[in-house]
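These protein sequence lines are chains A and B, in that order.
Counting in my numbering, the first sequence runs from 63 upward without gaps.
Counting in my numbering, the second sequence runs from 6 upward without gaps.
Among the hints, erroneous ones may be present.
[Stated by the list, open to error] Have a look at the derived ranges for each label pair, beta carbon to beta carbon: (1) B:Gly42 x A:Glu68: 23 to 29 Å; (2) B:Leu173 x A:Val85: 26 to 32 Å; (3) B:Val159 x A:Arg162: 18 to 24 Å; (4) B:Val76 x A:Lys159: 27 to 33 Å; (5) B:Gly178 x A:Asp156: 24 to 30 Å; (6) B:Ala155 x A:Leu161: 45 to 51 Å; (7) A:Met86 x B:Leu11: 29 to 35 Å; (8) A:Arg162 x B:Ser12: 27 to 33 Å.
[Said to hold, decoys possible] When the alpha-carbon atoms are kept at most 30 Å apart in a straight line, the in silico BS3-like pairs for lysine-lysine are as follows: (9) B:Lys184 x A:Lys159; (10) A:Lys89 x A:Lys159; (11) A:Lys89 x A:Lys150; (12) B:Lys184 x A:Lys89; (13) A:Lys150 x B:Lys184.
Read the hints as simulated data drawn from the structure, not as lab findings.
These figures come from a predicted structure and were not determined experimentally.
The beta carbon of each residue, even a glycine, is placed where N, CA and C say it ideally should be.
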Amino acid sequence: MLTLPELGLYFSFLMFLVGLAGVMFRKNILFMMLSVEILLNAANLAFVSASRLTNTIDGQVVMFFVMAVAACEAAVGLAMIISLYRTKASIEADDLKALRG
Amino acid sequence: MDLSLLSFIVMGVAAVLLSAVMITRRWPVSAAMVLIGVMTLLAGMFGLLDAHFAAAAQIIVYAGAIMVVFVFVIMLLNLPPEELRYGGVTVGEMILSGLGVVVALLLGTKVGRGFLTTGIEQLGLQSSESAPHLHRSVFAEGENVKNVAASLFVDYLWAFELISFLILAAVIGAVVISKKKGAEHANAA
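Make a model of the complete structure from these sequences and hints.
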């Protein structure tokens with residue numbers, strides 16, 4: 063029988079797969095950023111589960127740091143989306159091919 | 006079956022399914038609302054894992070602050086419906102992603118089983134008596150926030166201070182990035 067933290071690790075794995083599919087298959091940059099939030103949440107669940115599993119508090123502190131980094135990422139990424147929409151009038155990733163080699 | 010285990014499984018399955026619902030939405034606002042639900046479910050799972058501070062921070066910071074920024078930007082963009090086309094997934098993408106899932110499952114079960122069975126003892130995390138300041142390990146009732154604070158402000162103090170510089174840099178970067186076009190606009194007016 064699986065314990066709670068082990069189950070949490072499996073759920074975080076499944077959530078990470080779903081978020082990864084979102085980043086890969088959605089062409090809309092807004093949805094890609096929302097999927098990145100799912101990825102970060104899955105990582106947070108893994109950190110907290112590992113913290114419970116090993117009976118150490120460090121995982122929860124790292125989870126706090128991940129949360130701060132996620133806030134920075136959201137702020138800068140959304141500012142970039144607004145800037146892109148102003149210049150290109152589109153937030154489809156396929157339309158942003160200025161850096162294509 | 007234990008009630009906490011049952012509710013943990015229900016919340017975990019609901020979180021995974023709601024994540025799948027989120028990435029297939031057409032409208033960004035409904036996707037953001039579903040994502041708030043996912044984050045709330047995760048907060049419940051954190052609470053069941055005795056991480057009470059993490060649960061509170063998940064609700065306040067994630068479901069509150071970060072998602073408000075997302076919804077605000079969705080409102081600011083005000084995308085026309087033809088911008089929100091969703092082509093779905095082609096067969097080739099499905100085959101490739103299935104292969105990726107198989108590889109990830111093999112890798113995940115291998116690494117995860119190693120971590121679950123032998124890894125913990127070998128990592129030495131259980132031997133907290135030798136270095137009690139490095140691995141605070143109390144999960145007693147009502148002690149979680151105290152332990153997180155002690156670890157955050159003593160063991161991880163420098164990382165905590167550096168995070169404040171990161172947030173400052175992100176705020177400055179966000180202002181600079183979104184200001185560029187606005188300045189031209191002000192000149193034209």
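Enumerated hints in conflict with the structure, sorted upward: 3 and 8
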